[in-house]
Every structure is written in structure tokens, then in C-alpha cells.
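2 protein chains.
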Amino acid sequence: MRKINSKDIDYIAMGSTVLGTGGGGDPYIGKLLAKEAINTYGEVSLIQADELTDDALVVPIAAFGAPMILVEKLFSGQEFIKAFEMMEYYLGRKIDAIMPIEAGGLNGVIPFSIAAQKQIPLVDADGMGRAFPRLEMTTFTLHNIPVSPITQADEKGNKNVYHTIDNTWGETLVGATTIQMGGSCALGCYPMSGAQVKKAAVHGIVSYAQTLGEAILNAKELNRNPLDTLIEKATAIKLFTGKISNVAIKIDGRWNKGVCEIVGLDKFQGSKMELDFQNEFLMAKKDGKPVAITPDLIVLIDAENAKPITAETIQYGTRVVVLGMQANKQWRTPEGLELGGPKKFGYQEQFIPIEELNKKE
Amino acid sequence: MRKINSKDIDYIAMGSTVLGTGGGGDPYIGKLLAKEAINTYGEVSLIQADELTDDALVVPIAAFGAPMILVEKLFSGQEFIKAFEMMEYYLGRKIDAIMPIEAGGLNGVIPFSIAAQKQIPLVDADGMGRAFPRLEMTTFTLHNIPVSPITQADEKGNKNVYHTIDNTWGETLVGATTIQMGGSCALGCYPMSGAQVKKAAVHGIVSYAQTLGEAILNAKELNRNPLDTLIEKATAIKLFTGKISNVAIKIDGRWNKGVCEIVGLDKFQGSKMELDFQNEFLMAKKDGKPVAITPDLIVLIDAENAKPITAETIQYGTRVVVLGMQANKQWRTPEGLELGGPKKFGYQEQFIPIEELNKKE
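Protein chains in written order, with this note's numbering: chain E, 1 to 361; chain R, 1 to 361.
It cannot be assumed that every hint is accurate.
The list treats identical chains as interchangeable, and a pair is accepted whether it falls inside one copy or across any two copies.
[Stated by the list, open to error] Cross-link-like lysine to aspartate or glutamate pairs, in silico, DMTMM-like; alpha carbons within 25 angstroms at most: (1) Lys94 - Glu232; (2) Lys198 - Glu85; (3) Lys199 - Glu43; (4) Lys250 - Asp228; (5) Lys289 - Glu349.
What the hints contain is simulated information worked out from the structure, not anything from laboratory work.
Can you make the complete structure from the sequences, with help from the hints?
Okay, structure coming up:
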């Protein structure tokens, strides 16, 4: 166990944007809510999964919706408390600890605001090790942990409980009402035992996000290059350097879908990169050839300040670096690839790990 | 209190089709489910609202969806039991009696199957006195009774609870998931006390449906004309006689919207009638002039057998009679007209009672 203070949140938010792999919603609002709650209620205890008793009740709390809307339609923070309390009411017991469903994007920091208000610990683990666009795309699903009961609350005061037959139906039904609610809501989901967290979660991911955030934000003080320190800490591969030449984006239900084109600079002069996204970046192709494929992480970095860029904020002309990072090993199993691999998103290409795709000849 | 047997269900189903005013779904499947349950579990006690204790828990159970789908996608009956039990679980207490939400269409008979299985009484009352296309269009809403918590179950096994801020949000959110569920589901809604039923419901409506059904089905045995006996029992006005000349229908979300054209016969020769519908018939115009307007009931009758026709089964060439019936007086108040009157459905026309529209000069 260690205490998380307001400064730590800055690092975690920055690292969550890296792990958001272009999606997950910009963590800015979540960061403000988390810092305000910590300032009001005190620091949050970040615990390791093995500090949980096997019968503890752990519930991931998440912001859910279209990233573009999550940026524009602000959360009050009370939606999350309602989703939390609805879960306690429905299950008829107290929640012992909360956990991010994904350590990427907004959901990497939002849970700190609920943990602070509810004075309960936050587990240093998540269900993705990154961000993914669909509710059922979790390592919890890989371990047959039901997403239901799901509790849902919006800023207007609507609050619902879903008990779906499988995790995909959770996405379908909650997605349908979320659009009616204006495109965003708060969820409690995947209520699970301490024993299940130990077995199914991606461990240490919050601390890892903090490490990545520190690499970016503290580099200058240490007279180091932030991009280099990020690459080092993330064991990332530099896939491309260039300038945004085009971005096509459309909202389809609760997804931002599109493609971003980058023309090469420096040693990539004459080459072109295309990044496909559905909330998150899913496929990076250099001159038509895949160089990074979901579930591996594709991270778009602003070359000027080494900060990650989310897909909905991509701007023409920005100088960027594209990094690739290895997915958690749970995603690289046959079951993991079935749930989060390229076929799931309609690609013909087979998954090939980035380290093989970018092997030095 | 009186006992309802399998034969009574035939009459009630027929009368419910009249009160369905073109919508509410064909009661055929509901009739089979109700009769099977009565044959298995015994007759159902139909009670008057004043037989309820003031603190009794009464819950309307309803089929919800697009009428066209309600006809084609069969209910197993278990969805209703799940919605019922989900309500008991969520409220943490036993349901004392059930009630139709609308005595029109499928929902006029479905509740008998649950009452039989659960061995609890059914209240001789509903929240519409007819059928209406939206969940919030009830006399319960007129008495500020919340539709929430709403429980929802589908045939696949998904089951949800909605706690919406108002009754319109109930329609919005439940409507969105119902479409995802394939267009139909079972609901528990408007849980209320015995005292609330006494104040807010349309009383005696199930018995009234039975009276109308008997008028149609028993007339021949009594050597009477079924249409005449129906008109007499319903205090209906004969608005038109003719032949279906055209019907345009489209599914919009969970609604069948369209218009049915009838060319006049007999004394209406040379005239033309148009019936607008959104699940239910909402407006009848003779030669462009309104002769019946929602919330008053517009009933389309097959001239050959005096049986009512639902909007989704209208067929070109059928000889028909159009009847108008007065809405329950709760619908004719300013609040009632705001909720179920022509403006709510986008019409410019003001409501005028059918007896005034068709006053004999």
C-alpha cells in the first residue's frame, strides 16, 4: 500500500493518456475531479491485489461513452457515486475496494475521485492494461467474470441496473441507453471478489501509468529528453516520425471512427503512415504495411512536448512520433486475440507482435 | 372478487382488441399464454381496487415493443415471470396483486398468465382504459406516480432495472434497449400502493373488455347482430362504412406508423376516410375533416364478422366499419389531453370530443 496524492494524479493522468492509445477520453476532467476529491477527503490508498482478502468485493467504476462527448459534456462526479451506491444497494453489501476498468484515458484517473470520497482503497490493477472501445474487451472476460450486474447513472439522475446474459450484451444494452442519455454516463461493472482480481486483472498498471507520466513530466528537470525517457520506460518501439497530413473522423454511435495520415520526416522522409482508430488506435500501416496491430498499443506523441495525443484532438500539421508498445501477455493468447485482436475489428490481417513486425534486419 | 376462467379469457381478449384501438399488439399469443396458465394453475381472482388494502403492492406487468414484432417474435411467458421476480428482488418485498398497464391489445390478457402462475389476484383496472403507444401515457402519470423502478426481461435472459427521473425517460431508455433486444420484452413498471390504484387507475376496465368481447362473440347465439350489440355496449358512434383502399405502414423504432385509407360504401358512398396510426389509431378524418381524435378511441371493425382489426394486419379490400368511442374522463382533462391528446402526436388540430364532432344536426 502507498498513498496517492494530488501530484501523483498528474503523473498517473499523463501515463493514462499514453496507455489510452488514442482513446479512453482525455483524462483532463477526470484529473480535476480526482485532485479535488483528494484535496477534500485526503489521499487515496493504492493497494496491490495481494493485499485484498479473497472474499473482498471489488468493483470497477468507469466513465462510458464516446470520447468526443466525454470531453465536451462534463461529469459532475456525482454520477460515479450514484453508480457506486446503486451497486451496493443492488448487491446488498459494501464495496471494499474499487479499480479502474482500464488504466487508459479518463478511466485511469476517475476512480481516484470515488475512492477518495468513499474512503476505500483503489487496486493497482485494471482489466485491459490499456484502453479498449468495448465494455466486454477485458481480461475479466477472458477469465469468465460476468460484467453484470452493471449499474449506470447519468448527470440527470437516471440510474439503472443491467443483468445481461453475457458481457457483449452488456455493451449492447448499456451502449444503447448511453446514446439516449446524451452520449456519456458512469458505470459500476464486473463486481468481483479479491480472489478474482488476483487471477484476472492486469497488475501494477496504475503504478506503471505513473512511471510513464513521470518519464514525460520529470525528464526536463533531469536534463533528459522526455521522449527518450518515455521510450525507455515503456520499452516502446519508435514506429514513425512525421507530420499529420490528414484526419477523417466520424461519430458512429458511441465510437469515434476514422483514419489519420502522417507524412514522414527525418529518416522516414518519403514514407507515409496511416493510423486507423475506433476510439483507440487499432492499426498502424507504414506505406501500406502493418507495423503495429491491436491489441499491441499504438501511441501518438506530440513531437514538441512528448505528450500523447488522443484521436479526437488530432490536428492537421502537428509534428508527431508514433510509438508501439507490447500488449499485456493476456491479450496475446489465442483467447485474448479473439477478444481484442484485429479480426474482432474487421481486419483481414493476422496479429503479429510489434517486436516481430519491426525486427531489425 | 370473481374467478376468471379460460372461457372468460376469450371474451376479454376480444374486448381488449377493441380497446387496443388498432394497437397494443394482437392478443392472440397472450390469450394462449393466459389460457394455458389458467388450465395449469387454476382460475384467476379478478378483484376490484377497493378490495386492496391501502398498503398492498400492485405492479402492472406488460409486453413492450413494436406491435408487428410482438406478433412475430413469440413470448415464452418466462420473460414476464422474470420481470415480476426482478421487481420483487429490487423492492425487497412480495407483490400482492398485478394489473394490466393497458386493457388494450396483448396487455389486456398477458397479466392473467402471471397472476395464475404466481397465484395472486389481478385488479380490474388499468392505466389507460385503452392502448397507447408510449410507456408514460398513463393515468398513473396524471397522478404523478413514477413509472420507475421499471424491470425489464427478454427471452434470452437479459434482465434490467431502470430508475428514471421521470416517466418519459422510462420510455426513452427502455425503448432503446428493447430495440436492441430484438423489438420486444416484458416489463414490470409503476409499482404502486393499493391507495394509489384506487385513486389513479381506470376502474372496471377488464370487466368492460369482457362485456365488449361477449357482445361480439355471443351475439349470434342470441340471434342478434354482433356489430349492433358491440355499438350498444360500447356506446360507440358509427363513423364510417367502407372498403380499405390503401395502407402505408413503416416501422420507426418500436412504432408502426402509417395511414389507412377507406373508400365509403352504403350511405358513405362518395366519401373517403383516412385513419392515422402510431401503433394505435390517433386521428380519423372523413373527407379531410376530423371525426375522431386521440385520446378518444378509434376502432376499425371487419364488417364481415364484427371483429376488430389491428393496424399491422390491415389488408387492402377488406370491408370495414369505423367506430368511435369516448375516452375515459381522465384523458379529457387539460392534463390528460396534454399527455395523450393530438398535440402530443404532432397534430395541429385541437381535441374535440367525438360526441360533439358527430353531433346529429
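A quick look at each hint next to the structure:
1. Lys94 - Glu232: The answer is neither: 41 angstroms in one copy and 61 angstroms across copies each exceed 25 angstroms.
2. Lys198 - Glu85: within (24 angstroms within a copy, 34 angstroms between copies)
3. Lys199 - Glu43: Classified as neither; 27 angstroms inside a copy, 53 angstroms across copies.
4. Lys250 - Asp228: Cα proximity of Lys250 and Asp228: none, with 33 angstroms in one copy and 60 angstroms across.
5. Lys289 - Glu349: Close inside one copy (10 angstroms), not across copies (63 angstroms); limit 25 angstroms.
Hint check: violations occur at hints 1, 3 and 4; the rest are consistent with the structure.
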